[in-house]
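Undergrad: Take a look at the letters that make up each chain.
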Amino acid sequence: MTKNFKTLPVYILLSVLSLPLVIMYAYLVIDTFTVTTPGSLVPGPFTLHNWRFLWEPAKPGQASIWAATLNTFLFAGGTMLIVLMTSATAGYALSRLRMPMRSFMLAGLIMLHAFPTVTLIISVFLILQIIGLYDTLIGVILVRAALDLPLGVWIMKGFYDNVPWEIEMAGVQDGASRFTVWWRLILPQIQPGLAALGIFSFLQAWSEFILPQVLAPGANAQVLSVYMQAVVKSETQMDFTLFKTIGLFYTLPVVVIYLIFNKKLMNIYGGGTKG
Amino acid sequence: MRILIDNFTKTFGTTTVIRDMTLDIESGEMLALLGPSGCGKSTTLFAVCGIHRMNGGRLLFGDRDVTTVSSQDRNVGVVFQNYALYPHMNVFENISFPLKIRKESKADIDAKVREMAKLVHIEDLMERKPAQLSGGQQQRVALARALIRKPDVLLLDEPLANLDAKLRLEMRSEIRRIQQETGITAILVTHDQVEAMSMCDRIAIMNKGQIVQLSSPSEMYNEPASAFVAGFMGNPPISFLDGTVEGSSLRLDQSSIVLPLPESSRPASPASRVKLGVRPEYFQPENPDKVEGKISFIEIQGRETLYDVTLENGAVLRSIQSSGPLHKLGDTVRWGVDHSRVLAFDESGARL
Ligand SMILES: Nc1ncnc2c1ncn2[C@@H]1O[C@H](COP(=O)(O)OP(=O)(O)OP(=O)(O)O)[C@@H](O)[C@H]1O
Ligand SMILES: [Mg+2]
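So the sequence lines, in the order shown, correspond to chains Z and A. Just so we're aligned, residue 1 is where the first sequence starts under UniProt numbering, counting upward by one. Just so we're aligned, residue 1 is where the second sequence starts under UniProt numbering, counting upward by one.
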């Protein structure tokens, strides 16, 4: 009881401070469903007019929203899969196997992670053109995954380092092959790390704009962020409410994912396999 | 199953940790590998279970040469110091893991796990995760998992090091009971001589990668082969006196004290240097060969009292007496050494 009284003022203060944000989010949602004149605080009558892009056929020359959504899912999902598989295996190798140039690779990982994307984009563009993956989803997926990998591998290495090697040895003594040991005994213990890394790279790819915009701008491979930009460009007169609505639609999966997984997401910076 | 480690050599890079070690363990025997930290006990154990490759020598399980056989195919059960239970599996899954790997039928697994759980007294804990178990319970689970495959050898690497004193006592007899009930050949690694003496049929004392003595516990205590072994066995430890031989006696360095040497161990040359080992129970007030000294330390251990007596040359003799603390710190006492039970060593530390 006393505890509630003590924390109550803190809650009130925090609520007041975050109120502007909450109000803005609320109006973002309200605006998309109503006819509200800009600047007015009183919502107008309800309408689905702003959401019409979901069911109206796409304008000629533009991709449909559903194709773009599917592409975004493929893009983010593909990136996540590649990042997870590579980080889980490479991190294990770096943590456990004595291989040549190990310390060089570890130092290299950090360097790679420090590289800003934008500086690489022209060379990446040229390479994709040469190998014929320009303007394809696979091309951007590979690039996005490659950029996520240094951090991913590094994080997974940290998680593996925390698993006692005796567990591995015990597994081997119990008659399991090295692969079975990794799959059945080690992976389950770094599973919080894997989950966090997966969500992290999924969200990162979901919100990516520059890479798809430069490397896959065509209608076939368009993702939502590029689609939004195309919509803005094609309108002669800027329709802010439409833009807001598409934006909201674009954010929804992120919000849902975050709500489901936020505990695991915290774990990646907690950095440990407790529990 | 009889285990033979034959001329085993192990090197890490350029340093040789173990050189030409030979150890023959009889079937059904429990052998302790005892030695100071870093002497190569764990290394030997890991070579037997296949974690370390042997750089030289052979390893035989019965008549089977397993030197180059992989860990998975050796059929060895290991209990690690930190138990190495699988944290994401419950007790049942932990114990049954080796059987699942062998793809045994579910009914078989169930029966075997239940039988094993009964043996180590953990029937009621099957649903728990390792994190929900006490140290002693984890220990039992680790034992059960190591034994479920009916291994040829059971290896225990300091199994009691992580337990508190009371539990250690309990698990000591438990492990021994389980080993005897299953009749399995076992190697116990420890640096606690009490553990080694109380649990094992024979003890191998290691020092710097070599076995310095292999005997039964009582022989190890009463007839140590070297000063190192004598110093390692016994708690409170033996005390040593340095001196020079004079006839059939020993004159202690820088003093007038002369002690008779045991008949069995007269050194060949007169005037040679000798180290005398006196265990605390053989330095008592009623013994004949008196030595004068000052009490420099008293430790009351409840049932017994331990005195350190500093002699005139600064050497220290220890005495353990069952009567209560009758003497005070600083008292001058004349207590006797039982010269028939004294151990004499030459300069290199070898027993005379
Ligand atoms: N992987 C390794 N690389 C190099 N040297 C090693 C390695 N493992 C062990 N050693 C060395 O081998 C020697 C024996 O080690 P070992 O672990 O067998 O000792 P131990 O008798 O088990 O000691 P403790 O009682 O402390 O566990 C030590 O000097 C150690 O430094
Ligand atoms: Mg060790």
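Keep in mind the hints are simulated off the structure, nothing from the lab. Since the structure is predicted, the reported quantities are computational estimates derived from the model, not experimental observations. Be a bit skeptical, because a hint or two may be false.
As the list claims (entries may be wrong) - Derived lysine to any residue pairs resembling SDA-like cross-links, with alpha carbons at most 20 angstroms apart:
#  : chain 1 : residue 1 : chain 2 : residue 2
1  : A       : K103      : Z       : G175
2  : A       : K150      : A       : F92
3  : Z       : K263      : A       : K294
4  : A       : K106      : Z       : R184
5  : A       : K103      : Z       : W154
6  : A       : K129      : Z       : T89
7  : A       : K100      : Z       : N262
8  : A       : K290      : A       : G302
9  : A       : K103      : Z       : W183
10 : A       : K100      : Z       : G175
To be verified - So these bits of chain Z aren't anywhere near chain A, every CB distance computed over 10 angstroms:
#  : residue
11 : P20
12 : L112
13 : A114
14 : L120
15 : P150
16 : T241
From the three backbone atoms N, C-alpha and C, an ideal C-beta is built for every residue, glycine too.
Undergrad: Next, verify each hint and record whether it holds.
TA: Hint check results:
1. K103/A x G175/Z: Holds: K103/A and G175/Z sit about 11 angstroms apart, inside 20 angstroms.
2. K150/A x F92/A: Since the Cα atoms of K150/A and F92/A sit roughly 17 angstroms apart, the hinted pair holds (cutoff 20 angstroms).
3. K263/Z x K294/A: The hint is violated at about 68 angstroms.
4. K106/A x R184/Z: holds (18 angstroms)
5. K103/A x W154/Z: Status violated; Cα separation ~36 angstroms.
6. K129/A x T89/Z: It is violated: about 27 angstroms lies between the C-alpha atoms, which goes past 20 angstroms.
7. K100/A x N262/Z: violated (35 angstroms)
8. K290/A x G302/A: With a Cα-Cα distance of about 27 angstroms, the restraint between K290/A and G302/A is violated, given a limit of 20 angstroms.
9. K103/A x W183/Z: Answer holds: K103/A to W183/Z is near 16 angstroms, not above 20 angstroms.
10. K100/A x G175/Z: Distance ~10 angstroms between K100/A and G175/Z Cα, so the pair holds.
11. P20: holds (44 angstroms)
12. L112: Consistent with the label, L112/Z stays out of reach of chain A, its closest Cβ about 31 angstroms off (over 10 angstroms).
13. A114: A114/Z is indeed farther than 10 angstroms from all Cβ atoms of chain A, at 34 angstroms.
14. L120: Holds: least Cβ distance 39 angstroms, greater than 10 angstroms.
15. P150: holds (28 angstroms)
16. T241: Answer for T241/Z: holds, closest chain A Cβ roughly 50 angstroms.
In summary, the structure is inconsistent with hints 3, 5, 6, 7 and 8 from the numbered list given earlier, while agreeing with the others.
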